[in-house]
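Modelling step: build the complete structure from the supplied sequences, incorporating the hints.
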Amino acid sequence: MPNIRSRKSLYLAAASTLILGAGWALLRDVDRYRPQFAAELSQSLQRQVELRGSLRLSLFPFGLRAENVLVREADGRGEFLNLRQIQIGVGPWAAVRGHWQVTRISADGVRLQLRRDTDGALNIDDLLQAPPTARLGWALQDVDIDDVTLLVDDLAAKQQWHVGRASLEGHREQADGPLLWSLGGEVEHPHATGTLKLKGDIHVDRRQHLLQLPNLQLAWLGQAEGARTVLELNGDVEYRRRFATLQHARIRFDAKRGPTRLQVNGELPYAAWREARLQAPQLVLRGSLARPLHTGTLQIDWRNLSAAEHGLQADSVIRFGATQDNRELQLQLRGPLLWRTSEQRFQLAHNRLEGVLRQVGQPQPSAQLLLQGDAALDWAAQSIDAHLAGLLDRGPLRLDFSLQDFGAPRLKLDADLARLDL
230 MPNIRSRKSL YLAAASTLIL GAGWALLRDV DRYRPQFAAE LSQSLQRQVE LRGSLRLSLF
290 PFGLRAENVL VREADGRGEF LNLRQIQIGV GPWAAVRGHW QVTRISADGV RLQLRRDTDG
350 ALNIDDLLQA PPTARLGWAL QDVDIDDVTL LVDDLAAKQQ WHVGRASLEG HREQADGPLL
410 WSLGGEVEHP HATGTLKLKG DIHVDRRQHL LQLPNLQLAW LGQAEGARTV LELNGDVEYR
470 RRFATLQHAR IRFDAKRGPT RLQVNGELPY AAWREARLQA PQLVLRGSLA RPLHTGTLQI
530 DWRNLSAAEH GLQADSVIRF GATQDNRELQ LQLRGPLLWR TSEQRFQLAH NRLEGVLRQV
590 GQPQPSAQLL LQGDAALDWA AQSIDAHLAG LLDRGPLRLD FSLQDFGAPR LKLDADLARL
650 DL
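In this note's numbering, the protein residues as written are 230 to 651.
Don't take each hint at face value.
Unchecked claim - Derived DSBU-like pairs (lysine-lysine); straight-line CA-CA distance at most 30 Å:
hint : residue 1 : residue 2
1    : Lys-485   : Lys-428
2    : Lys-387   : Lys-426
3    : Lys-428   : Lys-387
4    : Lys-485   : Lys-387
5    : Lys-485   : Lys-426
Derived by calculation from the structure, the hints in this document are not laboratory data.
Structure follows, in structure tokens:
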């Protein structure tokens with residue numbers, strides 16, 4: 230028996246020595262496999278991958294470590310992804326069979342270029358295509374990436390912005406379950422600065438060229454055009470080659486500038502972007518507009534929301550109600566709306582304004598208003614201009630209205646009316 234045990238111990242020691250020796254030799258001589266690793270990564274991603282820095286294999290955990298990695302755009306010219314260092318975890322048993330399966334990614338110092346063309350195409354479209362048969366596959370279970378910079382070049386919206394000091398985390402609670410992910414960072418946008426957090430599930434079906442982000446949750450806190458803003462949005466997102474949808478979206482928005490505060494909750498049942506052009510049957514927003522000593526209710530109903538030149542257009546109904554000094558005011562503005570998104574300017578042409586003023590608790594109005602005309606709201610310039618004409622208590626009324634600076638408003642009113650009896 231002692232001899233048998235001694236032989237087993239000897240065989241085990243010899244095998245361990247052989248494995249460690251082979252591993253050490255592989256670790257020392259891994260650089261000669263650099264072209265092979267780069268070729269496997271390039272074939273799997275269908276992008277040119279350059280391993281410019283040091284390259285090492287690790288046994289515990291089993292995988293690959295690399296520094297200064299560059300992934301080029303699909304045309305092979307520009308930079309798409311740059312990583313200061315990355316560690317790729319690989320399933321050991323799949324590797325024994327000659328098939329590398331990526332199960333974990335850990336990286337830092339990442340710069341990613343994301344571009345949307347004028348036709349709505351993204352520079353990740355080719356990554357959603359099924360790759361040719363390769364020895365490198367993807368079965369991610371964990372993702373941990375720090376110091377991320379996301380550079381966005383939105384040619385469709387004619388805007389460039391970026392997310393910096395960001396981190397990306399992801400994990401699967403079950404091997405065949407969805408990948409739960411979260412991204413947070415600081416945003417620098419032409420019209421806003423602040424912090425952005427995204428989280429949800431992610432599913433990629435490369436056979437159908439489909440990217441799904443169910444239960445996407447967006448949270449924004451920052452400054453926009455001089456106002457402190459909070460935005461929360463929840464919904465389900467899908468993207469497939471120049472066609473994106475957002476479904477079951479719920480919105481919460483809070484903006485404060487000086488003494489004025491706007492709070493809104495909204496619903497967007499369905500929206501689609503085909504070749505960067507938006508279409509949405511309906512967007513409903515309900516909330517309040519408050520100033521010291523003044524508070525009003527606000528409801529916005531936009532139907533047939535669609536892309537237009539330099540912005541969006543919709544059939545708009547805006548309702549506003551307020552009570553002060555035992556008097557109740559109800560206003561409704563109905564008509565076509567044009568939102569010039571790049572200028573943050575709203576234009577209302579040939580709109581119909583109806584208003585009722587009454588004593589609180591009294592069914593009969595003390596004054597009625599019916600006007601038609603044009604109006605414009607410029608959020609960046611903090612101004613409202615309106616040119617309206619119609620009836621006030623059945624008497625003719627012409628109204629030219631101008632308001633400057635929402636925080637400390639300056640009002641200019643030019644009215645021509647036959648009778649005023651309040």
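Hint check: Lys-485 vs Lys-387, CA-CA at most 30 Å. Holds or violated? With Cα atoms ~27 Å apart, Lys-485 and Lys-387 stay inside 30 Å; holds.
Run the distance test for Lys-387 versus Lys-426: straight-line Cα separation, threshold 30 Å. holds, 23 Å
Can you confirm whether the C-alpha distance between Lys-485 and Lys-426 stays at or below 30 Å? holds, 21 Å
Pairwise hint evaluation, Lys-387 against Lys-428, where the allowed Cα distance is 30 Å at most: It holds: about 26 Å lies between the C-alpha atoms, which stays within 30 Å.
For the pair supplied as a hint, Lys-485 and Lys-428, is the alpha-carbon distance within the 30 Å limit? holds, 26 Å
In this structure, every one of the numbered hints holds.
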